[in-house]
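Number of protein chains: 2
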Amino acid sequence: MIETGLFYIISYLFPSRGEPWPKKSRPAKSTTQWYIDIVLNAKLADYSPVKGCMVIRPRGYAIWERIRDEFDRRFKETGHQNAYFPLLIPMSFLQKEAEHVKGFAPELAVVTHGGGEELEEPYCIRPTSETIIWAKYKDWIQSWRDLPLLINQWSNVLRWEKRTRLFLRTSEFLWQEGHTAHETEKEAVEETLRMIEVYRDVVERYLCVPVVVGVKSDTEKFAGAVNTYTIEAMMQDKKALQAGTSHFLGQNFAKAFDVKFQTREGSLDYVWATSWGVSTRLVGAVIMTHSDDKGLVLPPTLAPEEVVIVPIYKNDNKVAVLAYAEKTLAALKAAGIRALLDADDSSSPGWKFAEWEMRGTPVRIEIGPRDMASEKLVMVRRDTGEKSFVAAADAASAARKLLDGIQTSLYERAVAFRDANTVKAGSNKELMDFFGAEGKGTADAHGGFAEALWCGSAECEAGLKAKVKATLRCLPLGHQEGVDGSCALCGAPAKHRAIFARNY
Amino acid sequence: MIETGLFYIISYLFPSRGEPWPKKSRPAKSTTQWYIDIVLNAKLADYSPVKGCMVIRPRGYAIWERIRDEFDRRFKETGHQNAYFPLLIPMSFLQKEAEHVKGFAPELAVVTHGGGEELEEPYCIRPTSETIIWAKYKDWIQSWRDLPLLINQWSNVLRWEKRTRLFLRTSEFLWQEGHTAHETEKEAVEETLRMIEVYRDVVERYLCVPVVVGVKSDTEKFAGAVNTYTIEAMMQDKKALQAGTSHFLGQNFAKAFDVKFQTREGSLDYVWATSWGVSTRLVGAVIMTHSDDKGLVLPPTLAPEEVVIVPIYKNDNKVAVLAYAEKTLAALKAAGIRALLDADDSSSPGWKFAEWEMRGTPVRIEIGPRDMASEKLVMVRRDTGEKSFVAAADAASAARKLLDGIQTSLYERAVAFRDANTVKAGSNKELMDFFGAEGKGTADAHGGFAEALWCGSAECEAGLKAKVKATLRCLPLGHQEGVDGSCALCGAPAKHRAIFARNY
Numbered sequence: 001m002i003e004t005g006l007f008y009i010i011s012y013l014f015p016s017r018g019e020p021w022p023k024k025s026r027p028a029k030s031t032t033q034w035y036i037d038i039v040l041n042a043k044l045a046d047y048s049p050v051k052g053c054m055v056i057r058p059r060g061y062a063i064w065e066r067i068r069d070e071f072d073r074r075f076k077e078t079g080h081q082n083a084y085f086p087l088l089i090p091m092s093f094l095q096k097e098a099e100h101v102k103g104f105a106p107e108l109a110v111v112t113h114g115g116g117e118e119l120e121e122p123y124c125i126r127p128t129s130e131t132i133i134w135a136k137y138k139d140w141i142q143s144w145r146d147l148p149l150l151i152n153q154w155s156n157v158l159r160w161e162k163r164t165r166l167f168l169r170t171s172e173f174l175w176q177e178g179h180t181a182h183e184t185e186k187e188a189v190e191e192t193l194r195m196i197e198v199y200r201d202v203v204e205r206y207l208c209v210p211v212v213v214g215v216k217s218d219t220e221k222f223a224g225a226v227n228t229y230t231i232e233a234m235m236q237d238k239k240a241l242q243a244g245t246s247h248f249l250g251q252n253f254a255k256a257f258d259v260k261f262q263t264r265e266g267s268l269d270y271v272w273a274t275s276w277g278v279s280t281r282l283v284g285a286v287i288m289t290h291s292d293d294k295g296l297v298l299p300p301t302l303a304p305e306e307v308v309i310v311p312i313y314k315n316d317n318k319v320a321v322l323a324y325a326e327k328t329l330a331a332l333k334a335a336g337i338r339a340l341l342d343a344d345d346s347s348s349p350g351w352k353f354a355e356w357e358m359r360g361t362p363v364r365i366e367i368g369p370r371d372m373a374s375e376k377l378v379m380v381r382r383d384t385g386e387k388s389f390v391a392a393a394d395a396a397s398a399a400r401k402l403l404d405g406i407q408t409s410l411y412e413r414a415v416a417f418r419d420a421n422t423v424k425a426g427s428n429k430e431l432m433d434f435f436g437a438e439g440k441g442t443a444d445a446h447g448g449f450a451e452a453l454w455c456g457s458a459e460c461e462a463g464l465k466a467k468v469k470a471t472l473r474c475l476p477l478g479h480q481e482g483v484d485g486s487c488a489l490c491g492a493p494a495k496h497r498a499i500f501a502r503n504y
Numbered sequence: 001m002i003e004t005g006l007f008y009i010i011s012y013l014f015p016s017r018g019e020p021w022p023k024k025s026r027p028a029k030s031t032t033q034w035y036i037d038i039v040l041n042a043k044l045a046d047y048s049p050v051k052g053c054m055v056i057r058p059r060g061y062a063i064w065e066r067i068r069d070e071f072d073r074r075f076k077e078t079g080h081q082n083a084y085f086p087l088l089i090p091m092s093f094l095q096k097e098a099e100h101v102k103g104f105a106p107e108l109a110v111v112t113h114g115g116g117e118e119l120e121e122p123y124c125i126r127p128t129s130e131t132i133i134w135a136k137y138k139d140w141i142q143s144w145r146d147l148p149l150l151i152n153q154w155s156n157v158l159r160w161e162k163r164t165r166l167f168l169r170t171s172e173f174l175w176q177e178g179h180t181a182h183e184t185e186k187e188a189v190e191e192t193l194r195m196i197e198v199y200r201d202v203v204e205r206y207l208c209v210p211v212v213v214g215v216k217s218d219t220e221k222f223a224g225a226v227n228t229y230t231i232e233a234m235m236q237d238k239k240a241l242q243a244g245t246s247h248f249l250g251q252n253f254a255k256a257f258d259v260k261f262q263t264r265e266g267s268l269d270y271v272w273a274t275s276w277g278v279s280t281r282l283v284g285a286v287i288m289t290h291s292d293d294k295g296l297v298l299p300p301t302l303a304p305e306e307v308v309i310v311p312i313y314k315n316d317n318k319v320a321v322l323a324y325a326e327k328t329l330a331a332l333k334a335a336g337i338r339a340l341l342d343a344d345d346s347s348s349p350g351w352k353f354a355e356w357e358m359r360g361t362p363v364r365i366e367i368g369p370r371d372m373a374s375e376k377l378v379m380v381r382r383d384t385g386e387k388s389f390v391a392a393a394d395a396a397s398a399a400r401k402l403l404d405g406i407q408t409s410l411y412e413r414a415v416a417f418r419d420a421n422t423v424k425a426g427s428n429k430e431l432m433d434f435f436g437a438e439g440k441g442t443a444d445a446h447g448g449f450a451e452a453l454w455c456g457s458a459e460c461e462a463g464l465k466a467k468v469k470a471t472l473r474c475l476p477l478g479h480q481e482g483v484d485g486s487c488a489l490c491g492a493p494a495k496h497r498a499i500f501a502r503n504y
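So the sequences go chain by chain: A and B.
Position 167 of the first sequence, counting from 1, maps to 167 under my numbering, and the rest follow consecutively.
Position 85 of the second sequence, counting from 1, maps to 85 under my numbering, and the rest follow consecutively.
Calculated from the structure, these hints are not laboratory results.
Zero decoy hints are in this set.
Pairs involving identical chains hold if they fit within one copy or between any two copies, as the list cannot separate such chains.
Below, simulated DSS-like cross-link-like pairs (lysine-lysine); rule was C-alpha separation at most 25 angstroms, straight line:
no., residue 1, residue 2
1, 333, 76
2, 327, 76
3, 76, 352
4, 138, 51
5, 43, 76
6, 43, 260
7, 51, 96
8, 376, 333
9, 43, 138
Using the sequences provided together with the hints, build the complete structure.
The following block contains the structure:
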């Protein structure tokens with residue numbers, strides 16, 4: 001470890017202080033390994049002895065709690081209430097909706113024994129809860145007066161996955177699933193769009209992750225849905241991540257579970273439905289979008305601590321420096337800033353700088369005897385490394401300004417990255433060039449979002465997927481007007497503008 | 001339904017307004033049925049198509065959210081962090097702690113198939129998470145510097161139950177489980193006691209449910225614990241409800257999972273452990289402790305709405321009365337009171353009175369044209385039915401005072417009920433008389449808490465259980481000094497003071 005006094009001098013001479021360790025070189029390892037290292041080193045999550053399942057460690061869970069609480073607030077604001085339905089679903093329920101069972105059957109975990117006996121009918125662990133919830137809605141909905149029914153559930157779900165990655169794809173994950181029932185098709189479509197807009201707004205503004213909002217192709221939509229709306233984000237390896245989906249289910253589940261209601265006119269009709277969900281995958285999206293070679297980068301909204309204060313002292317000025325740091329801490333807290341003082345004597349300031357950078361704390365305040373003497377302190381932005389000298393009296397307002405700046409700039413940086421890696425592809429050749437030749441398709445150097453005209457055929461989708469592993473991410477909303485030209489894949493007349501990308 | 005105008009007159013003439021319906025007579029039905037009716041009518045929970053599992057409806061879940069948030073705040077205040085471990089546990093893990101597997105094996109749900117294939121090793125759904133968590137702690141704990149490790153998890157667990165009751169005993173339930181690791185036995189014991197005290201404090205002060213704090217007998221303790229501390233509450237049918245437990249696990253799980261750490265002295269030692277949990281059962285405890293024949297009674301702390309305003313008007317004064325009610329609502333909200341205005345035109349005020357009483361809202365405000373004219377309003381306490389006339393300008397302060405009074409008085413009423421149904425039994429005959437003759441033992445007329453001296457033998461416990469179905473609930477803390485006398489059950493020299501009761 002570096003001797004504190006010496007480090008203190010060096011760090012004032014060189015602006016790169018805080019990086020006394022060899023900078024990890026991203027090109028030297030794959031984005032995959034870079035991502036895994038951040039998750040493990042920042043103690044966000046860990047592997048578990050259960051196939052495909054992870055342990056969410058306290059720091060990862062604290063980030064999830066902040067994401068969850070913000071969504072929960074927004075769901076309640078839009079009139080939804082939380083409830084809780086059973087973990088287990090009778091296998092026969094899943095079979096009531098033909099498309100639904102086809103989509104989920106290969107991913108099920110099946111409970112065959114309970115209480116020491118073999119069960120008459122096996123249960124599956126919920127992969128999603130439409131079927132168990134609609135079985136109950138049948139009891140709760142009789143008349144238009146019972147509608148709309150606007151329920152959300154926070155829960156764990158399980159989908160047996162072959163290839164998993166911490167946060168981004170795990171067999172068990174935590175999520176919320178909204179399940180709503182409506183009198184009319186119009187109302188249900190409005191709800192579907194309302195919730196994808198809530199998702200967009202929270203993911204863009206709170207998580208600083210820009211997304212494309214669009215509708216899925218029939219190939220990619222939710223099993224049992226009429227339409228699936230999605231928000232698609234671009235990760236740092238230029239792959240797409242489906243960050244949230246909102247499904248218009250039509251009357252499919254009402255018909256499968258025979259949920260009819262008496263209309264205002266006195267007739268009987270099937271109920272119209274939606275469902276929508278986001279999951280702990282969003283923690284992965286945040287990590288993958290903002291982090292750098294020093295480790296995690298967090299938007300201030302999500303950081304367990306927005307500011308960390310690292311005091312720099314020797315034995316003879318320790319008491320004074322710590323008192324000065326405590327005073328700064330109190331001023332930050334009084335201003336409502338989540339701040340922390342790292343007064344641990346067993347590590348050097350330099351070690352702490354690197355440690356808090358790895359953990360993603362948005363702003364670091366350094367306080368040493370010189371700062372104290374001049375009634376100043378040093379603030380360092382985690383995202384840019386930019387350093388500023390601030391009068392101690394202005395600590396709270398300066399920190400708030402810096403934090404707000406980071407929140408804006410993380411988003412803008414991610415938008416710029418996405419835009420720089422998005423092309424309009426007019427031909428098959430352009431698509432092939434963009435995604436890289438066969439076999440090289442997974443290199444970070446290639447790929448991103450390709451916007452191309454599409455004829456609407458599932459064959460064209462499948463063809464591209466087979467060649468370069470790119471899938472149709474969505475038909476972006478607001479970009480479907482005046483489609484005039486031919487499908488980039490087959491040359492037939494185009495029906496839609498589509499985004500193609502490799503994806504998680 | 002009752003004509004609004006007529007009802008308005010009648011209700012001013014007779015103080016019993018708000019009860020135009022025949023009062024449900026408790027003696028006419030069992031406490032069990034009374035309890036179930038409240039849960040279903042107040043829409044707190046519902047049965048599900050999954051054996052032994054319930055659906056928690058929005059109102060029940062909102063109460064659980066308030067309980068959960070208060071505990072969560074207290075856990076964080078005492079230095080704990082939340083994390084999340086997998087739902088599934090390899091069967092072999094459970095077998096590593098001999099007592100643990102013996103206790104839980106009969107209650108397991110077993111997953112034998114996943115992703116369309118039979119699993120090499122089956123998983124069980126967690127009945128509690130000690131084993132999966134301690135398997136991970138082995139990776140995380142190397143040195144005394146890693147200790148204490150203070151982790152809590154909010155999750156669902158599943159224990160196959162034969163006889164279930166909404167909230168009070170269900171196969172799947174929601175809970176929190178704290179799992180901590182310590183350097184010394186002393187620290188672990190202190191943690192065990194700290195958490196049972198947090199439980200006592202929240203359950204008594206926030207839920208208004210008085211409890212006896214004590215330690216379990218070997219027969220009744222947690223499978224794998226050295227000691228189990230418990231809080232025991234008395235329900236309205238005089239049965240005991242185990243409302244929360246905190247276990248001192250010694251080094252049992254550290255030995256089972258080989259979790260050793262380097263001590264401050266440089267030697268290797270097994271880690272000391274605790275675990276502790278409360279569950280959605282607490283919602284059942286609240287319902288069962290406070291409710292009456294009109295329905296649910298809620299402590300203000302737990303009520304989704306502390307105050308409901310019911311306006312009483314005719315067509316010609318509707319606009320004015322509603323404006324007056326809105327003004328009152330705004331005043332209450334400005335004072336931080338969770339208040340609601342029930343302006344639904346499709347129900348009469350009388351119907352609303354009964355409805356909100358059934359739902360358990362602590363305070364009802366009635367506002368009619370006469371109240372408006374005299375710049376007053378009427379406040380009615382849910383717990384006592386007591387009615388007071390309050391100047392409109394004082395609405396918020398009067399409501400706050402009333403709510404505080406209800407919070408105190410619900411607790412005191414429950415203490416009085418428990419004390420009135422607690423006896424000191426000195427002999428076998430006194431115990432038999434108290435719990436009722438064999439076969440009549442389940443009648444509400446009998447039973448309660450019997451405090452008796454006990455020799456410490458499991459045979460005496462088993463004997464009483466066989467005769468009158470009463471179990472040893474706990475050895476109350478602070479009541480074990482100067483035990484001098486003979487066991488009420490066998491006459492041998494006594495070692496402890498014990499509480500016996502029938503239980504859920």
